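A.B. asks: The primary structure of each chain is shown beneath.
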Amino acid sequence: GENVEQHPSTLSVQEGDSAVIKCTYSDSASNYFPWYKQELGKRPQLIIDIRSNVGEKKDQRIAVTLNKTAKHFSLHITETQPEDSAVYFCAATSPGNTGNQFYFGTGTSLTVIP
Amino acid sequence: DSGVTQTPKHLITATGQRVTLRCSPRSGDLSVYWYQQSLDQGLQFLIHYYNGEERAKGNILERFSAQQFPDLHSELNLSSLELGDSALYFCASSVDGGSGNQPQHFGDGTRLSIL
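Top line first, the protein sequences correspond to chains E and S. The opening position of the first sequence corresponds to residue 99 in my numbering, with each subsequent residue numbered one higher. The opening position of the second sequence corresponds to residue 520 in my numbering, with each subsequent residue numbered one higher.
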């Protein structure tokens with residue numbers, strides 16, 4: 099099955115700086131890569147996603163890049179704000195008769211220091 | 520509000536007991552997924568149902584079982600509970616049944632505490 103690795107596990111940045119979180123995956127058939135933000139005690143919320151036919155996607159301060167050859171994808175947050183502090187999870191999934199099981203990374207705890 | 524409803528929000532019980540967690544997916548979603556999240560841990564996939572049929576199993580213990588009903592709501596049954604079963608249990612739903620390129624939307628979770 100798919101194996102998703104996520105780095106770093108913790109990240110601290112000054113407010114206004116950029117944050118980058120990286121994930122690698124193992125299954126070349128994976129075709130969908132969502133990112134979720136989870137605040138303490140709350141549900142994971144989808145913040146951005148990218149499909150394998152696209153190399154980059156941006157939504158305001160958040161962007162995701164995908165390198166299919168190297169099998170890695172990254173989340174970029176610019177102009178970070180204290181409310182960006184949360185745990186971020188990447189995931190990968192591939193089509194199959196068994197349904198699209200998401201393989202999640204282990205999470206990155208982001209702290210934005212005011 | 521994600522549109523995914525989980526009940527109850529909190530559950531406190533004792534070791535050896537059995538509980539049932541309930542999930543109603545977003546309108547139109549046929550897939551339901553269950554996840555376990557222990558303290559400061561990641562999301563452990565338990566099981567996936569699509570339109571009433573089991574589609575995939577993850578790290579689900581034999582003491583745990585699930586089903587999806589004709590109205591598409593799902594229940595996760597946990598029996599012979601142990602202290603280590605204390606966790607947040609999330610349900611997620613999706614329109615996807617196998618194409619592999621649709622997001623999952625999470626409910627607010629059920630916090631299970633075993634005393």
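Keep in mind that a hint or two might mislead.
[Unchecked claim] Computed list of lysine-lysine pairs in DSS-like fashion (alpha-carbon distance at most 27 Å, straight line):
id: 1; chain 1: S; residue 1: Lys528; chain 2: E; residue 2: Lys140
id: 2; chain 1: E; residue 1: Lys169; chain 2: E; residue 2: Lys156
id: 3; chain 1: E; residue 1: Lys140; chain 2: E; residue 2: Lys156
id: 4; chain 1: S; residue 1: Lys528; chain 2: S; residue 2: Lys576
id: 5; chain 1: E; residue 1: Lys140; chain 2: S; residue 2: Lys576
id: 6; chain 1: S; residue 1: Lys576; chain 2: E; residue 2: Lys169
Derived by calculation from the structure, the hints in this document are not laboratory data. Computed from a predicted structure; not experimentally measured.
A.B. asks: Mind listing which of the numbered hints don't hold for this structure, in increasing order?
C.D. replies: Nothing - there is no hint that the structure violates, so all of them hold.
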